[in-house]
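Number of protein chains: 2
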Amino acid sequence: MSGYGQQGVSAANIDSIRPKKRLSIGVVGSGNWGTAIAKICGENARAHGHHFRSKVRMWVFEEEIEYKGEKRKLTEVFNEAHENVKYLPGIECPPNVIAVPDVREVARRADILVFVVPHQFIERVCDQMVGLIRPGAVGISCIKGVAVSKEGVRLYSEVISEKLGIYCGVLSGANVANEVAREQFCETTIGFNPPNEVDIPREQIAAVFDRPYFSVVSVDDVAGVALGGALKNVVAMAVGFADGLEWGGNTKAAIMRRGLLEMQKFATTFFDSDPRTMVEQSCGIADLVTSCLGGRNNRCAEAFVKTGKSLETLEKELLGGQLLQGAATSKDVHEFLLTKDMVKDFPLFTAVYNISYEDMDPKDLIIVLQPLKEDSENEGGTETE
Amino acid sequence: MSGYGQQGVSAANIDSIRPKKRLSIGVVGSGNWGTAIAKICGENARAHGHHFRSKVRMWVFEEEIEYKGEKRKLTEVFNEAHENVKYLPGIECPPNVIAVPDVREVARRADILVFVVPHQFIERVCDQMVGLIRPGAVGISCIKGVAVSKEGVRLYSEVISEKLGIYCGVLSGANVANEVAREQFCETTIGFNPPNEVDIPREQIAAVFDRPYFSVVSVDDVAGVALGGALKNVVAMAVGFADGLEWGGNTKAAIMRRGLLEMQKFATTFFDSDPRTMVEQSCGIADLVTSCLGGRNNRCAEAFVKTGKSLETLEKELLGGQLLQGAATSKDVHEFLLTKDMVKDFPLFTAVYNISYEDMDPKDLIIVLQPLKEDSENEGGTETE
Ligand SMILES: O=C(CO)COP(=O)(O)O
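Those sequence lines, one after another, are chains A and B.
Sequential numbering of the first sequence, starting at 420, is according to the numbering used here.
Sequential numbering of the second sequence, starting at 420, is according to the numbering used here.
Just so you know, the hints here were simulated from the structure itself, not pulled from any lab data.
Check before you lean on any hint, since a few could be wrong.
Which copy? The list can't say, so a pair holds if one copy fits it or any two copies do.
Claimed, not checked - Here are the computed lysine to any residue pairs in the SDA-like style, where the Cα-Cα straight-line distance is at most 25 Å:
id	residue 1	residue 2
1	782	597
2	735	580
3	782	596
4	725	601
When you get a sec, could you build the whole thing from the sequences and use the hints?
Dropping the structure here:
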């Protein structure tokens, strides 16, 4: 069955692989995660010159910024200073990363398109790229979350794939943009399992991202990788409620374990996910652990219990307008589970929804952790020997 | 393959199972974990009167203590006050738990023998019990750690089994004695997979321990359960070194993931362990998470980096003379791996040994986290497009 290193391939031996052609990398997005990813792509484009063309185009939504006392265009400043002074200040990107204000140029020139935009923009951005994509191009989505609609749960890689008619994989892991940008070691997971007609080997995709400080494992399981980054936020909220109640470390470990198993169950029940992905890869267990130790969802959920303020208020106070992903995802998941009549099969996800949106008492999380019993317990039975 | 709840059985429906006979429970040990376990056994003996005889005998190593200004015997005080005033003060045990100063009486009267003594005493305690065991009796070892000798790695359940000629399972999980004693919710794992001639179903064994606040999953994989509790200490030290170096959350999550996979690999390579146990059950992932968040090994390893003091000094200062399990286990494991010529297959375990006993720099843990490369990286290749 599974074992250490048995699932997945790394980019470790990329230089012994002879590629069919040198590929161009384009990055769609330039927020703090987008810029950190573009920096990595730029480093690898230079490091693996027989695999990649050096120039990495990064689409930047053009803005006027104040730079050294002057009003300047963000792309111009980036291309001069090799620094995204607005969204990733203090981090130097290699000079082969070029900021491009027109996403259509990125679309036209890339064989590998890396998507790192906030999920609410992805459809509109793709609309502008339609018809411009190179033959044989593929996408990699670094967008965490899932798109839920009446038709069900869709991965953003699926959204991109449908819009642009290309194969799209996923990258997700225990990766905080600023830590990655500062080259603090972390791991990540790529899900990439293209149909036969796609001519780019998975090692080459891994080599776009793998750095000495950013260790990539590439697996076939696209759905597992995408769902890990979405669902872990729900579990991080459950652990946050436990933090708020000052429950012990063992109780929190139990919530994490049960949450991880619900993540795995969700991915294997509704998608064709490999059960090992969630429990063994960075996109599952490791991302969950990081998020449960003081990530955004965790902190908001803790404050929810401790302060009695509403989640909307805390979202404003603690996240500066960012969406509290875990709560929103618990709602999406809940509505989806209702349509499948499977609410009771995901008691922890359901509890997070009920605490966040209904008036379930966080203390009742304990009840959720009990195994289902068919009978109530026969407390105080025979007492003689 | 695996999925939520698919590995293992719980005691949830114990009251619908009709047992062949009522069994007697004996607890060998009465330290703080031993007493917490005896409390649980006592509660379950009363709750499931058709499964168990009410009286639970707990072997107490007799000592004179000072109690309410008088010199008294520890067993007498326990049987009067239903409290282990020396090792688990402030916690009331049910009155059907009886302290017994003679381990032979416990041996003679129990069908289920629960072992909770410090590992260094287990052989001598068993020696006193030889020849007194009831026909059909089984053991459950709650002793964390492994016994390493020239012949290899042995589980304490194997030691007990050989000494007493009984089948012996294992209980281990994310369980801190004081939290369990105070009935803070946690989960645990039992490994119990007896040969056919043993007539006690695994649900009945699970029911000895399962409480509303102590949730048991019973699996077949005895080795995985036993090894989880031993090997997680090694990984907790690695995370402690990272804490000492003030590495980020993602780096620590990567160390935990890699450590968990080494635990799984060790258990599946040298024992017949199910790979799911380590990554899905409380005895693996959950116990590891708790231990990495400020457990003893974690704190000592952090202090080792921050203070520059030796581990022996820190053992004295921080653990009051208790053995630093993680360091000792890393040494045992290292010596065992040398005999198998497999040191390089367990780079994280090996690094913990080398940092603890040789003079490896903790910072070089990063190197260990890199995937093995066959070639050095072709940094600075072609740069033109
Ligand atoms: O995605 C992240 C880590 O990988 C960020 O975590 P939070 O959203 O929990 O802050």
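Hint numbers contradicted by this structure: 2
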